[in-house]
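Trainee: One letter stands for each residue in the lines below.
Protein chains: 2
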Amino acid sequence: MAQIRHALTARRADDFAAWYQEVISAAEMAEESGVRGCMVIRPWGYGIWERMQRLLDDRIKATGHSNAYFPIFIPLSNFEREAEHVEGFAKEMAVVTHHRLIAGKDGGLIPDPEAKLEEPLVVRPTSETIIGDAMARWVQSWRDLPLKLNQWANVVRWEMRTRMFLRTSEFLWQEGHTAHADETEAKEHTLTMLEVYRAFADEDLALAVIPGEKPENERFPGAVETWSIEAMMQDGKALQAGTSHYLGTNFAKASGIKFQNREGSESLAHTTSWGVSTRMVGGVIMTHGDDDGLRLPPKIAPQQVVILPMLRERPEDQDLIDYCETLRTTLAAQQVMGEPLRVLLDTRPGKAAQKRWDYVRKGAPIIVEVGGRDMENGVVSMLRRDRLWDEETGKPAFQTPTREVAGQTIPDVLADMQNALLTQAQEHRDANITRGVTEFADVEKHFTASRYPGWMEVQWSKPTGEALEKIVERLKEHKLTIRNVPLDAIPVDGTCIFTGEPAVERVLLAKAY
Amino acid sequence: MAQIRHALTARRADDFAAWYQEVISAAEMAEESGVRGCMVIRPWGYGIWERMQRLLDDRIKATGHSNAYFPIFIPLSNFEREAEHVEGFAKEMAVVTHHRLIAGKDGGLIPDPEAKLEEPLVVRPTSETIIGDAMARWVQSWRDLPLKLNQWANVVRWEMRTRMFLRTSEFLWQEGHTAHADETEAKEHTLTMLEVYRAFADEDLALAVIPGEKPENERFPGAVETWSIEAMMQDGKALQAGTSHYLGTNFAKASGIKFQNREGSESLAHTTSWGVSTRMVGGVIMTHGDDDGLRLPPKIAPQQVVILPMLRERPEDQDLIDYCETLRTTLAAQQVMGEPLRVLLDTRPGKAAQKRWDYVRKGAPIIVEVGGRDMENGVVSMLRRDRLWDEETGKPAFQTPTREVAGQTIPDVLADMQNALLTQAQEHRDANITRGVTEFADVEKHFTASRYPGWMEVQWSKPTGEALEKIVERLKEHKLTIRNVPLDAIPVDGTCIFTGEPAVERVLLAKAY
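Keeping their order, the protein sequence lines are chains A and B.
Just so you know, the numbering used here puts 1333 at position 111 of the first sequence, and the rest follows in order with no gaps.
Just so you know, the numbering used here puts 1573 at position 351 of the second sequence, and the rest follows in order with no gaps.
Hints should not be assumed to be uniformly reliable.
When the alpha-carbon atoms are kept at most 27 Å apart in a straight line, the in silico DSSO-like pairs for lysine-lysine are as follows [unchecked claim]:
| hint | chain 1 | residue 1 | chain 2 | residue 2 |
| --- | --- | --- | --- | --- |
| 1 | A | K1577 | B | K1283 |
| 2 | B | K1283 | B | K1480 |
| 3 | A | K1283 | B | K1573 |
| 4 | B | K1698 | B | K1459 |
| 5 | B | K1338 | A | K1327 |
| 6 | A | K1667 | A | K1701 |
| 7 | A | K1327 | B | K1313 |
| 8 | B | K1338 | A | K1313 |
| 9 | B | K1577 | A | K1283 |
| 10 | A | K1617 | A | K1573 |
| 11 | B | K1573 | A | K1370 |
| 12 | B | K1370 | A | K1573 |
| 13 | A | K1577 | B | K1480 |
| 14 | A | K1577 | B | K1370 |
| 15 | B | K1327 | A | K1338 |
| 16 | A | K1480 | B | K1577 |
| 17 | A | K1338 | B | K1313 |
| 18 | B | K1577 | A | K1327 |
| 19 | A | K1573 | B | K1283 |
| 20 | A | K1733 | A | K1692 |
| 21 | B | K1573 | A | K1480 |
| 22 | B | K1283 | A | K1283 |
| 23 | A | K1692 | A | K1459 |
| 24 | A | K1370 | B | K1577 |
| 25 | A | K1573 | B | K1480 |
| 26 | B | K1701 | B | K1684 |
| 27 | B | K1667 | B | K1617 |
| 28 | A | K1475 | B | K1684 |
| 29 | B | K1617 | B | K1573 |
| 30 | A | K1338 | B | K1338 |
| 31 | B | K1327 | A | K1313 |
Under 8 Å between C-beta atoms, here's a sample of chain A residues computed to sit facing chain B [to be verified]:
| hint | residue |
| --- | --- |
| 32 | S1255 |
| 33 | Y1268 |
| 34 | F1301 |
| 35 | E1309 |
| 36 | K1313 |
| 37 | V1345 |
| 38 | P1571 |
Calculated from the structure, these hints are not laboratory results.
All C-beta atoms, glycine included, are put in the ideal place defined by N, C-alpha and C.
Using the sequences and the hints given, assemble the complete structure.
Mentor: This is how it looks when you write it as structure tokens:
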């Protein structure tokens, strides 16, 4: 096999972290902003997020939720009402203390001491406490329930160590908040939204996630149950890609969400919350990227097909552009997986070959190049991002269908690519979950012996409190965490790998982002 | 004519401000949040904003812009670089000074003195200075220009007197930012975006705005030119509904947006910025609302048709629901003004008549009620929100087409209503602009004599500096402001109403929100 000259400098196998940063930069997805912990999301990266928003928003609305918008500022007193919640977030909150600037002694601006807020405001890290206030106003009777809200917003959690998309002080997300008449319905809804996330992650993002319940120590501050979807990255680490929380009556108590029930007496509502963030973009990179850059599942690609005429700044260029425009029109009129196909004809100045590599790095699913000879022959040169190289020759694996055939078959190629990426992610995940280990010593061995140990599924007795804390500490020595208790794990059979007591469920162990 | 019992308590003619608040509350659009100056946008209000976003976003993308996202926090030092800009915003900025909370002496939370930021951060009131930093990194050569960006975001300007949608400390908006190689192109683009706003306001929101240039004293802090679209509310006051700024090289200088031009030497970019916000929602209320609540142009109605079966909690209800479902399916399959028709079949518990008034107050364009007798006769009872009352009888003006005819004609009715609302707004505007006044004393007389004086178009000599300031002060005595210099005003003919010098252009005077 010939040597392939990949489009990136870093290699996944050599330095996954450096590779990740290079993809983000080479695909022009995001960059450091110069403001501590905050990133700039560039048009290509934001275009991916917009696609995710559109697809997830449709799913959220289809399950009966309405979008609304709540204040970015939360008074400290709101936070203080739920003890665990404030405990969980107090260490990482941006606090607004003044509402005006004036010139200081050296001429620079300073917060005006005369404009100090009586009660400092926190920039929302999450909105349970402020949405709870609104729910308390809106919910009077059982007829007002369930109340199903969602918000697309920015939130801030002051992070000391940041990594683009995965952990930034400001990030974008949606946070759903619902109130229900009873525990059964609220718990059911928590799982409904977990399933919405699973379907979104698998069907739209091709992530192959595992849904399950988080252990006690990993619960959202103030939650009774926390569920997650966990995705396996190509380095075998786990990424928590979305969470759904059953909050019991904790936040209803704190905010006073009470209603007159069918029997005429007063009840507390049971609430849920659930969120997915720009972190997902990081998950897509680390699941699908390769040594040539990003590869995008067609459903979330800002452009699914990019057409590059090989222009030479000559009068004949116009013929070439017209030839390409016909293909563009044909494609733009077609549907792919239920939506209009997104196609870009790029006629900006610059060499087609250079642009080709730009779009390879950006992960555009199909790149179509058209030169003068292609036009003469009535064909196009087509590159499929997930089959980029001819391994025999070490050259890009161009196909040359006629323009008409390209126009007809590209929608199917895109649908095929969507499936292929999911299959790859599933296969990678399934090949890298170790099962059947029964001794903790073997867990330690497994995770220290290999550079890419993947995940391990073990049985445990579901210890709580201090017993759990001890296990968590022990795992921490190997940088391991308990990811979740998979929803569809096979039944247990044997003893707990930590305590030796009879096992009650299976848990996933992994290093994680 | 019979007495009509309107659905609101307040009347526009009696107390426009109270009426405005009542519409917002009765239509469940928004409410005070309890956080100073911040409102909660409820699902119906947010649904209107989502419609506006979708329509405007399409227009912004169609003119070659990409969305991106920039940090919410701006370091003070960024602001200090452009003197006029900081001068304009320093008085109303939310300042973040700490990044952690701890328990204070009395047990309550306080900002942790150990976690004080070295440089305070401002919550963005607008993003020229932070986007300028990114532009400086991205623009190297003339080939990188024009750079056309847009951001959908929340911004904060600390307001002492707030009014829902019109003036809130936090609001939602889009802010476009572009960089160009020269003044001509940048100025042209400023006007292109003004026209995008005009078309959006007129064609989508039915506002009948007047585009024009703001006088010097009303310019955006740091701008060379500021243009606006001005809408006339039903009380004759003006609402600035969107602005487009040519920023010259002011922000390019401040942020260092330089490029190698075609000649190989270094040039400063010329930048523009332009924004439209949730304020537009207030403009829609005050333009189209009536004494029964909101009226929504169909293009921005979250639901264009609401079907209300008159359920009686009996087994026969299911037949009625099926009958309505057939109409819903027919309508949902149709296109209205280029988009799928939005129809809601509301089967929640509750009386249809009460729900009817809820949707009247919310401004749903068409309400369809269906009772047992309607079903027997194969008809539906249809109410058109812009022709609500039969003035003869004082009762709701129901029409009773067959279900099939309703299914076929409703798309046309919606398109007709969109036009009718625009025509009404245009007629109201045109009937309430006074022209031909040549003496300032008559201006004063006009604006003090009438409760609804509308706007006045006068000629002026375009004074600047102190001369302009004096005029502005004089107008202020009557709470008047110069709105803009209309783009398409007829040529001047005579002298300046303020200075007696030869007039050079026409300006609009009005009280404003």
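Trainee: If a hint holds in the structure, say so; if it does not, say that too.
Mentor: So, going through the hints one by one against the coordinates:
1. A/K1577 with B/K1283: holds, 22 Å
2. B/K1283 with B/K1480: Roughly 25 Å between the alpha carbons, so the hint for B/K1283 and B/K1480 holds.
3. A/K1283 with B/K1573: holds, 25 Å
4. B/K1698 with B/K1459: holds, 14 Å
5. B/K1338 with A/K1327: holds, 20 Å
6. A/K1667 with A/K1701: holds, 13 Å
7. A/K1327 with B/K1313: holds, 17 Å
8. B/K1338 with A/K1313: Holds - the C-alpha atoms of A/K1313 and B/K1338 are around 12 Å apart, at most 27 Å.
9. B/K1577 with A/K1283: holds, 22 Å
10. A/K1617 with A/K1573: holds, 18 Å
11. B/K1573 with A/K1370: holds, 22 Å
12. B/K1370 with A/K1573: holds, 22 Å
13. A/K1577 with B/K1480: Within the cut-off at roughly 24 Å; holds.
14. A/K1577 with B/K1370: holds, 19 Å
15. B/K1327 with A/K1338: This hinted pair holds, its Cα atoms lying about 20 Å apart.
16. A/K1480 with B/K1577: Cα-Cα ~24 Å, so holds.
17. A/K1338 with B/K1313: Judged against 27 Å, a Cα distance of about 12 Å means the pair holds.
18. B/K1577 with A/K1327: violated, 62 Å
19. A/K1573 with B/K1283: At roughly 25 Å apart (the allowed maximum being 27 Å), B/K1283 and A/K1573 satisfy the hint.
20. A/K1733 with A/K1692: Holds, because 18 Å separates the two Cα atoms, which is no more than 27 Å.
21. B/K1573 with A/K1480: holds, 24 Å
22. B/K1283 with A/K1283: holds, 24 Å
23. A/K1692 with A/K1459: holds, 22 Å
24. A/K1370 with B/K1577: holds, 19 Å
25. A/K1573 with B/K1480: holds, 24 Å
26. B/K1701 with B/K1684: holds, 20 Å
27. B/K1667 with B/K1617: violated, 41 Å
28. A/K1475 with B/K1684: violated, 62 Å
29. B/K1617 with B/K1573: holds, 18 Å
30. A/K1338 with B/K1338: The given pair, whose Cα atoms are some 15 Å apart, holds under the 27 Å limit.
31. B/K1327 with A/K1313: holds, 17 Å
32. S1255: holds, 5 Å
33. Y1268: For A/Y1268, the interface hint holds, since the closest Cβ of chain B sits about 5 Å away, which is under 8 Å.
34. F1301: This hint holds: A/F1301 lies near chain B, its Cβ roughly 7 Å from the closest one there, short of 8 Å.
35. E1309: violated, 10 Å
36. K1313: Constraint on A/K1313 satisfied, holds at 5 Å.
37. V1345: holds, 7 Å
38. P1571: holds, 6 Å
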